[in-house]
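Number of protein chains: 2
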Amino acid sequence: MTITSLENDKVKKCVRLKTKKYRDLEGLFLVEGFHLVEEAYKANLIDEIILIEGETCSYHFATFYVTKDVMKKLTMMETPSAIMAICHKRKMSPDLGNHLLLLDEIQDPGNLGTMIRSSKAFGIDSLVLGEGCVDLYNPKVLRSTQGMAFHMNIITRDLKELIKELKQKGIPIYGTHVDKGVNAYQLKKEEKENYALIMGNEGNGVHEELLALCDQYITIPIHQEVESLNVSVAASILLYELNRR
Amino acid sequence: MTITSLENDKVKKCVRLKTKKYRDLEGLFLVEGFHLVEEAYKANLIDEIILIEGETCSYHFATFYVTKDVMKKLTMMETPSAIMAICHKRKMSPDLGNHLLLLDEIQDPGNLGTMIRSSKAFGIDSLVLGEGCVDLYNPKVLRSTQGMAFHMNIITRDLKELIKELKQKGIPIYGTHVDKGVNAYQLKKEEKENYALIMGNEGNGVHEELLALCDQYITIPIHQEVESLNVSVAASILLYELNRR
Numbered sequence: 015m016t017i018t019s020l021e022n023d024k025v026k027k028c029v030r031l032k033t034k035k036y037r038d039l040e041g042l043f044l045v046e047g048f049h050l051v052e053e054a055y056k057a058n059l060i061d062e063i064i065l066i067e068g069e070t071c072s073y074h075f076a077t078f079y080v081t082k083d084v085m086k087k088l089t090m091m092e093t094p095s096a097i098m099a100i101c102h103k104r105k106m107s108p109d110l111g112n113h114l115l116l117l118d119e120i121q122d123p124g125n126l127g128t129m130i131r132s133s134k135a136f137g138i139d140s141l142v143l144g145e146g147c148v149d150l151y152n153p154k155v156l157r158s159t160q161g162m163a164f165h166m167n168i169i170t171r172d173l174k175e176l177i178k179e180l181k182q183k184g185i186p187i188y189g190t191h192v193d194k195g196v197n198a199y200q201l202k203k204e205e206k207e208n209y210a211l212i213m214g215n216e217g218n219g220v221h222e223e224l225l226a227l228c229d230q231y232i233t234i235p236i237h238q239e240v241e242s243l244n245v246s247v248a249a250s251i252l253l254y255e256l257n258r259r
Numbered sequence: 015m016t017i018t019s020l021e022n023d024k025v026k027k028c029v030r031l032k033t034k035k036y037r038d039l040e041g042l043f044l045v046e047g048f049h050l051v052e053e054a055y056k057a058n059l060i061d062e063i064i065l066i067e068g069e070t071c072s073y074h075f076a077t078f079y080v081t082k083d084v085m086k087k088l089t090m091m092e093t094p095s096a097i098m099a100i101c102h103k104r105k106m107s108p109d110l111g112n113h114l115l116l117l118d119e120i121q122d123p124g125n126l127g128t129m130i131r132s133s134k135a136f137g138i139d140s141l142v143l144g145e146g147c148v149d150l151y152n153p154k155v156l157r158s159t160q161g162m163a164f165h166m167n168i169i170t171r172d173l174k175e176l177i178k179e180l181k182q183k184g185i186p187i188y189g190t191h192v193d194k195g196v197n198a199y200q201l202k203k204e205e206k207e208n209y210a211l212i213m214g215n216e217g218n219g220v221h222e223e224l225l226a227l228c229d230q231y232i233t234i235p236i237h238q239e240v241e242s243l244n245v246s247v248a249a250s251i252l253l254y255e256l257n258r259r
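Taken in order, these protein sequences are the chains called A and B. Numbering of the first sequence is given in this note's numbering, commencing with residue 15 and proceeding in unit increments. Numbering of the second sequence is given in this note's numbering, commencing with residue 15 and proceeding in unit increments.
So here's chain A without its partners, still in its complex pose:
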């Protein structure tokens, strides 16, 4: 049976999941497109599949079919995909490991997604989102992660409190600085063993009170006419460098 009405309860439930409020309330989120659905499947996160009528897929989950018009209502993209999935949020581990990326008020979904993808690529154990970060389950974030969000330990914490705990465990906190830090090219082997790197807001950088808690600043040497790098580029270069063995 194909759902044709925008007033259908299942459809209404999905539409609600477009907002952070309902994603938080229900512990659910939507993914769209075959690639992301496949990554959610590999991570055991799928509850139900939504397909455009006439399409097929090889997943064995409760599946409901919808018309193109209904899919247009559900989609978060300009051109709706043929498949979506309702997923439950992944259970994250309180054990954060000893290679961490802390994010302070990252607001651009593309930047957050890209940093998650790079974190997985370069051996980060846990990503910690401080207050004011864009929602992890925002569809643009999930798309930019290319599904890597489903395979990473990502938690939300007060960064000031967390930094205190990390210091007690002997994990050094690294911040970035345009010119007063250690040259990234010259980081020593022992400086790469344990770390929590903190990156901040696109316009304002990391909050002063958090910067003051850093044990060391790192500087990526760049041309003097360039004020700064894109935050997800800077984070990725530093993770690449910290992963050099």
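Honestly, the hints are just simulated from the structure, not real lab data. As the structure is a prediction and not an experimental result, all values here were calculated from the model. Every clue listed holds true.
Each pair may be met inside one copy or between any two copies, as identical chains are not told apart.
Within a straight-line C-alpha distance of at most 35 Å, the following computed DSBU-like cross-link-like pairs (lysine-lysine) qualify: (1) Lys103 to Lys181; (2) Lys35 to Lys178; (3) Lys178 to Lys203; (4) Lys103 to Lys174.
The hints should help you fit chain B onto chain A, whose structure is shown.
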């Protein structure tokens, strides 16, 4: 005098500049916001200033004032800025230098902008856009460059032809490969002296016929579960690495 009508000739001209066709035809483009206008000013590219009525600025160019409604029509952002400028395209140099980034069908404006910003940061002499790349003067591209587009030599060329010329000059062509290239961490000093790095389309990578012309492939070692990095991140990491002295 403040322009209040959307039918005003100056307003119509600006609206036309929102399309690549007219930007190409007239050799002009628009920039928006104080930061980008300032960067265009530093590069001597401004012809005229557009201000919302009541605003002031310290630039000495022909300035016309518009109402908020007119500015809303001209803006390319959700919240219009108080200032825009009509600029002429920068004259680019045919001398491309010996550190080049070649881009093959890069379609995302944010990715192109970010790569331009990183190119300036890491000593690239010229950026070459092949066919199928998003327009350099697309407002989203210009915003992502943070104005660095105004301070870089950026040309459009047939990449296949250009690669032949570069080879004759003894400049090696580097491509990327997920696992069969030279490990990026192990690039030798002499491999960083001259190069043209080619990066390709977000979904499909570099065209086969261009890849076949590469003298060497470089691999950024990443976690096995990650298929690839974001293209602007991969380019930036390689430029950072090639700039290591």
